[in-house]
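A.B. asks: Listed below are the residues making up each chain.
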Amino acid sequence: MLGFKNIIKQLKSFLIEIGELSIFAVRYFKEAFKSPFEFKELLRQCYNMGNRSLLLVGITGFIIGLVLTLQTRPTLMEFGAVSWMPSMVSISIVREIGPIITALVCAGRIGSGIGAELGSMRVTEQIDAMEVSGTNPFKYLVVTRVLATTLMLPLLVIIGDVIAIYGSYLVENIKGNVSFMLYFNQVFDALEFGDILPATIKSFFFGFAIGIVGCFKGYHCKKGTEGVGKAANSAVVFTSLLLFIIDFIAVFVTDIFYDL
Amino acid sequence: MTEHDNISKRDIVLELKDLHKSFGDNHVLNGFNMQLFQGENLVIMGKSGSGKSVMIKCLVGLMEADSGTISLMHNDITKLDQEALDILRADIGFLFQGSALYDSMTVRENLEFPLRRHTKKFGEHIDTEIMVIEALENVGLASAIDLMPSELSGGMKRRVALARTLILQPKIILYDEPTSGLDPITAKEIIILMQDIQKKYGTSSLIITHDVDCARVISDRMILLIDGIDYAVGTYAELSASTDPKIKAFFKH
Chain E
-15 MLGFKNIIKQ LKSFLIEIGE LSIFAVRYFK EAFKSPFEFK ELLRQCYNMG NRSLLLVGIT
45 GFIIGLVLTL QTRPTLMEFG AVSWMPSMVS ISIVREIGPI ITALVCAGRI GSGIGAELGS
105 MRVTEQIDAM EVSGTNPFKY LVVTRVLATT LMLPLLVIIG DVIAIYGSYL VENIKGNVSF
165 MLYFNQVFDA LEFGDILPAT IKSFFFGFAI GIVGCFKGYH CKKGTEGVGK AANSAVVFTS
225 LLLFIIDFIA VFVTDIFYDL
Chain A
227 MTEHDNISKR DIVLELKDLH KSFGDNHVLN GFNMQLFQGE NLVIMGKSGS GKSVMIKCLV
287 GLMEADSGTI SLMHNDITKL DQEALDILRA DIGFLFQGSA LYDSMTVREN LEFPLRRHTK
347 KFGEHIDTEI MVIEALENVG LASAIDLMPS ELSGGMKRRV ALARTLILQP KIILYDEPTS
407 GLDPITAKEI IILMQDIQKK YGTSSLIITH DVDCARVISD RMILLIDGID YAVGTYAELS
467 ASTDPKIKAF FKH
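Protein chains in written order, with our numbering: chain E, -15 to 244; chain A, 227 to 479.
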């Protein structure tokens, strides 16, 4: 009975949080289209997020490409279908693995960073100081960061995808003596517009989710250093969950369009 | 005629009437009243958790009071829209308890930040460099202009925060525990600095503190915030001579 009550309590607080996050997101859209626009801060955030995540996304993509090829190769060889490797790898990376892995890496790297940064600013009254000085902190801190993650994530996904496919090519080149031209010809033959577009659109939503949750957690951080830690931690946990939900919805919607 | 009588004849720049603020069942302010006169140093003292910081945050619109009126330079801030409030805020300086310097910006950028939204006050062609240097010179820290806040000591941070407050040339400065967390010597330096600024610019100051020495040195008038109300009002000498046990408790050393 106690366990059931606990589940109800947790579900209630989860739903309240979803409601508060929705209000926060609505405020974002209201503020994003109102002047003054913080272009300088937006560019700074884009540079910070893109540049600082590039190495991590690149390494992760490269390893994913290597591992995927190494683990799939024996099975494909068994069926005499190893020539399908470029198609299989490119489609699976572009459609699904690339966006979701890049988004998860960025949720850890960027989402937690935003949560901790804004949380720390809230606790040390920097956000209040900004408001007292006549600057809208929501616009300066939240709108710029969410817009930066929304714009930068698709770029990071594209870079991650290219590096992952290159990693796959390296394995094929070493194990199967496949040339660069042949491998990438097959990749481009296999990939269609219908593979790339939904994945890119999905990446924008992933970027938005990372930014909005990180900002929400940091902006509403409870007092104290413990609050900052919790904000950073829950930003990652909540975003990761949200990414899979968005991914499911995106795949579901894409599937409907494929059937038409 | 006493100094107190002289001050009370001046214009009222800030007035709170019957201010109430609660957090659930916790009634922090229960009808608090106060008046700040032009050029006055008014100290508000109260125990930790008595609602001093809540009151000062209601004053600048960082928190919304449950009821009561807040009149800042004859504007009822509870009735102002965001833009009008932001314009009014250019005339109010706020020194935060923990300095609240922006970590990711240099001292120069910290001081330039408030100017970007208040170009109307100084004209479009303001020379921010001169203003920043002048503000830093006022607090004796012109050499720290390119340092990051993490490179400053606690006292230096407080002085830079004071310079940031001064850069908008406010008419009223609100100090939230200006000497808390500082050693006695640095605290004394900050108090002297506050007095110098008041003399130089003729600002009105509202000082929230529980530092009796700070209150003794700087106050023209004091209000004791007890049980959410303005329990006692008077000069330091008047209040420190009181026989009321609740008032006496503040002045015990």
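Hints may contain errors.
SDA-like cross-link-like pairs, simulated, lysine to any residue; straight-line CA separation at most 20 Å [claimed, not checked]:
1. E:K123 to A:E309
2. E:K207 to A:T332
3. A:K283 to E:N120
4. E:K206 to A:E309
5. E:K206 to A:G324
6. E:K123 to A:A310
7. A:K283 to E:K24
8. E:K24 to A:T332
Source of the hints: derived by calculation from the structure; they are not laboratory data.
A.B. asks: Taking the hints in turn, state whether each one holds.
C.D. replies: These are the hints, each one checked on the structure:
Only pairs whose Cα atoms come within 20 Å are accepted, and K123 of chain E paired with E309 of chain A is accepted, the gap being roughly 14 Å. Distance restraint check for K207 of chain E and T332 of chain A: the Cα-Cα separation of roughly 25 Å exceeds the 20 Å cut-off, and the hinted pair is therefore not satisfied. With a C-alpha separation of about 16 Å, the suggested pair K283 of chain A and N120 of chain E falls inside the 20 Å cut-off, and the hint holds. For the hint pairing K206 of chain E with E309 of chain A, the CA-to-CA distance comes to about 28 Å; that exceeds 20 Å, so the pair is violated.
With a C-alpha separation of about 17 Å, the suggested pair K206 of chain E and G324 of chain A falls inside the 20 Å cut-off, and the hint holds. As the CA atoms of K123 of chain E and A310 of chain A are separated by approximately 17 Å, the hinted pair is consistent with the 20 Å bound. A C-alpha spacing of about 30 Å is found between K283 of chain A and K24 of chain E, which places the hinted pair above 20 Å, so the restraint is violated. Under the criterion of a C-alpha separation no larger than 20 Å, the hint pairing K24 of chain E with T332 of chain A is consistent with the structure, at around 16 Å.
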